[in-house]
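Trainee: So the chains spell out like this:
There are 2 protein chains.
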Amino acid sequence: MKKLINAVEDVVREQLEGMALAHPDLLKVHFDPNFVYRADAPVKGKVALVSGGGSGHEPMHGGFVGMGMLDAACPGEVFTSPTPDQMYEAAKTVNSGEGVLFIVKNYTGDVLNFETAAELAHADGIAVQSILIDDDVAVKDSLYTAGRRGVGTTVLAEKIVGGAAEAGYSLKQCADLCRKVNQYGRSMGMALTSCTVPAAGKPTFELGEDEMEIGIGIHGEPGRTRMKLKTADEITEILALGIIEDGPYTRTVREWDNEKGEWVDVELTDEPFKPGDQVIAFVNSMGGTPVSELYAVYRKLAQICEAKGLTIVRNLIGPYITSLEMQGCSITLLKTDEEILRFWDAPVKTPGLRWGI
Amino acid sequence: MKKLINAVEDVVREQLEGMALAHPDLLKVHFDPNFVYRADAPVKGKVALVSGGGSGHEPMHGGFVGMGMLDAACPGEVFTSPTPDQMYEAAKTVNSGEGVLFIVKNYTGDVLNFETAAELAHADGIAVQSILIDDDVAVKDSLYTAGRRGVGTTVLAEKIVGGAAEAGYSLKQCADLCRKVNQYGRSMGMALTSCTVPAAGKPTFELGEDEMEIGIGIHGEPGRTRMKLKTADEITEILALGIIEDGPYTRTVREWDNEKGEWVDVELTDEPFKPGDQVIAFVNSMGGTPVSELYAVYRKLAQICEAKGLTIVRNLIGPYITSLEMQGCSITLLKTDEEILRFWDAPVKTPGLRWGI
Numbered sequence: 000m001k002k003l004i005n006a007v008e009d010v011v012r013e014q015l016e017g018m019a020l021a022h023p024d025l026l027k028v029h030f031d032p033n034f035v036y037r038a039d040a041p042v043k044g045k046v047a048l049v050s051g052g053g054s055g056h057e058p059m060h061g062g063f064v065g066m067g068m069l070d071a072a073c074p075g076e077v078f079t080s081p082t083p084d085q086m087y088e089a090a091k092t093v094n095s096g097e098g099v100l101f102i103v104k105n106y107t108g109d110v111l112n113f114e115t116a117a118e119l120a121h122a123d124g125i126a127v128q129s130i131l132i133d134d135d136v137a138v139k140d141s142l143y144t145a146g147r148r149g150v151g152t153t154v155l156a157e158k159i160v161g162g163a164a165e166a167g168y169s170l171k172q173c174a175d176l177c178r179k180v181n182q183y184g185r186s187m188g189m190a191l192t193s194c195t196v197p198a199a200g201k202p203t204f205e206l207g208e209d210e211m212e213i214g215i216g217i218h219g220e221p222g223r224t225r226m227k228l229k230t231a232d233e234i235t236e237i238l239a240l241g242i243i244e245d246g247p248y249t250r251t252v253r254e255w256d257n258e259k260g261e262w263v264d265v266e267l268t269d270e271p272f273k274p275g276d277q278v279i280a281f282v283n284s285m286g287g288t289p290v291s292e293l294y295a296v297y298r299k300l301a302q303i304c305e306a307k308g309l310t311i312v313r314n315l316i317g318p319y320i321t322s323l324e325m326q327g328c329s330i331t332l333l334k335t336d337e338e339i340l341r342f343w344d345a346p347v348k349t350p351g352l353r354w355g356i
Numbered sequence: 000m001k002k003l004i005n006a007v008e009d010v011v012r013e014q015l016e017g018m019a020l021a022h023p024d025l026l027k028v029h030f031d032p033n034f035v036y037r038a039d040a041p042v043k044g045k046v047a048l049v050s051g052g053g054s055g056h057e058p059m060h061g062g063f064v065g066m067g068m069l070d071a072a073c074p075g076e077v078f079t080s081p082t083p084d085q086m087y088e089a090a091k092t093v094n095s096g097e098g099v100l101f102i103v104k105n106y107t108g109d110v111l112n113f114e115t116a117a118e119l120a121h122a123d124g125i126a127v128q129s130i131l132i133d134d135d136v137a138v139k140d141s142l143y144t145a146g147r148r149g150v151g152t153t154v155l156a157e158k159i160v161g162g163a164a165e166a167g168y169s170l171k172q173c174a175d176l177c178r179k180v181n182q183y184g185r186s187m188g189m190a191l192t193s194c195t196v197p198a199a200g201k202p203t204f205e206l207g208e209d210e211m212e213i214g215i216g217i218h219g220e221p222g223r224t225r226m227k228l229k230t231a232d233e234i235t236e237i238l239a240l241g242i243i244e245d246g247p248y249t250r251t252v253r254e255w256d257n258e259k260g261e262w263v264d265v266e267l268t269d270e271p272f273k274p275g276d277q278v279i280a281f282v283n284s285m286g287g288t289p290v291s292e293l294y295a296v297y298r299k300l301a302q303i304c305e306a307k308g309l310t311i312v313r314n315l316i317g318p319y320i321t322s323l324e325m326q327g328c329s330i331t332l333l334k335t336d337e338e339i340l341r342f343w344d345a346p347v348k349t350p351g352l353r354w355g356i
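If you're matching them up, the sequences are chains A and B in order.
With numbering that gives the first Met the number 0, the residue at position 351 of the first sequence is 350, and numbering never jumps.
With numbering that gives the first Met the number 0, the residue at position 172 of the second sequence is 171, and numbering never jumps.
Careful: at least some of the hints might be erroneous.
[What the hints assert, rightly or not] Chain B regions said to be covered by chain A (calculated; three or more residues, Cβ under 8 Å):
#, region
1, 2 to 9
2, 215 to 229
3, 287 to 298
4, 314 to 324
5, 345 to 356
Hints were generated in silico from the structure; no laboratory data involved.
No experiment lies behind these values; they were computed from the predicted model shown.
Yeah, the Cβ is synthetic: ideal placement off N, Cα and C, and Gly gets one too.
Just chain A, with the same shape it has in the complex (with noise of 0.2 Å):
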């Protein structure tokens, strides 16, 4: 096993109080239980973003704890979900009497522990609403995941509910448009080859050197198929018509009710891309693929795109969701609207990302 880490039983603390020390300005860091959270947190009169989930995917979430993004982000250990314990206390520290929005990957443990956070909070006098992101159109089922996992989006939907929070939208307004955004947003992911996560010290699966995986998770779960290695052209044109000739997604969520003081079930149901859309491309490094290889699949996308009759209106290409040293890509794409352009374009100031400020 081939990493910049010390023990493995330190490996995410450590990644942690590195964090702390090279973002004073922006964050810092509470152990036990862990969570990273914004330095001038509770910030007065604003909504309260909460994010969280295993680590390994960094810079999310903790990454994107900052101005116009996430108040908090609980980190697990690596590719394990964090603790109910971790979230609440994260949500009473970042709670500014505003309430609290927390942002759930679809995952099996996160989702529970979440819901069990939100309970507490709610049982302690904090407002907190939570919105699942099941975005990724891959597979239905997975190792990990009733349903669709949360991916990429899930970086779309920190900004963009981030920054409305920013501009002082309501804890319901703001967990209006973050399912709204995860409902505009889909992914699909590929891996080269695979990562190892420390405590394993060894690949999590194994690839051929003339094989690649499609519709891969972000914890190398499996996805859709293995097959040999095709060019960038091919594996873009597979992932990119799988996203935009997915068809309508019907599910139910389960949405903790701020107002009821209860859980409820919502049916959604995400409709396809179709032509005249505006949206922003999401091209994603798995973590081990260098940006370069980022622009070839940005071309061919934008190609696609264009045929497919979608306007690429904004654009993020680079490592932000990832799985350790994996290298592989994943593509988002998310419809856009004025209410979704705005809050992308506000500004941002984060660890992994940042402008206007």
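We have chain A already, so just place chain B on it with the hints.
Mentor: Then chain B, alone, in the frame of chain A:
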């Protein structure tokens, strides 16, 4: 060879096409000869900065074209020097009349070709100066270099001198500042794995499963020593002490004297770091190492700097000068002063580095 590419001979062109499609607001790409240049070039009243080198180090240099950084970047084939006609045509395109500064990493091919380009530009009536970056403390001479190689300080120099050019510095002032930044900066890198040049199709070098290379160059050229894999703390200490304990470095560099219209030999001595120095700390991924691991390196680097009496006043952490998908990292420390900090903090808007706008 596992990469997101199409035909090997199209790699650089297609990546450039992707950049042009992704960032039309920031840059344009000229083909035959190839160079990336600011969308709004020439910028009236501003000295133009031109850099370049082999491809495979992205985002450097093309990703640093834009407001507050480079006016043009000339990409060669992967790990291959660009040609004089690229630099000459780029210089003509971005020169506003205030002259052109060439920022040249010290590799024999780059140096020779930028020299020819400087002479061509001068013959054409373009005011030109040329500054060498030679900051790699690992080796005195190397496979492709007489003297020290140009590495991480290049990124910092392009940002800082870019800010100065934007603020109205003259050509001579830009050259003087660039020379100072180079003299104030020192770097050293290491590799956990090799990278694979597309045209070669196999790894540049072989490293055992338990081995690493200390003092590696950004083209995979050998470093100081190959040794058994160590911990992040131990690796960071080797690199940081290599930089901090490096003695005075004296060499003669060749600079184009714009007023005389001829080459002059300039003797330079870089002084070592000393307690009380304020520094910018730059922890760079070689491309395949995820940002999470860089924070483990930063953590130890911050401890070492503190113990040595160096105050880190700014930092940059991420993949900025890479070697394709190589795993590993480099550290650059740059002594700062008021002038350097002012232009480090100045706004920048490029695909690879962006803040303040």
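Trainee: To test your reading of the hints: which numbers does this structure violate?
Mentor: 2
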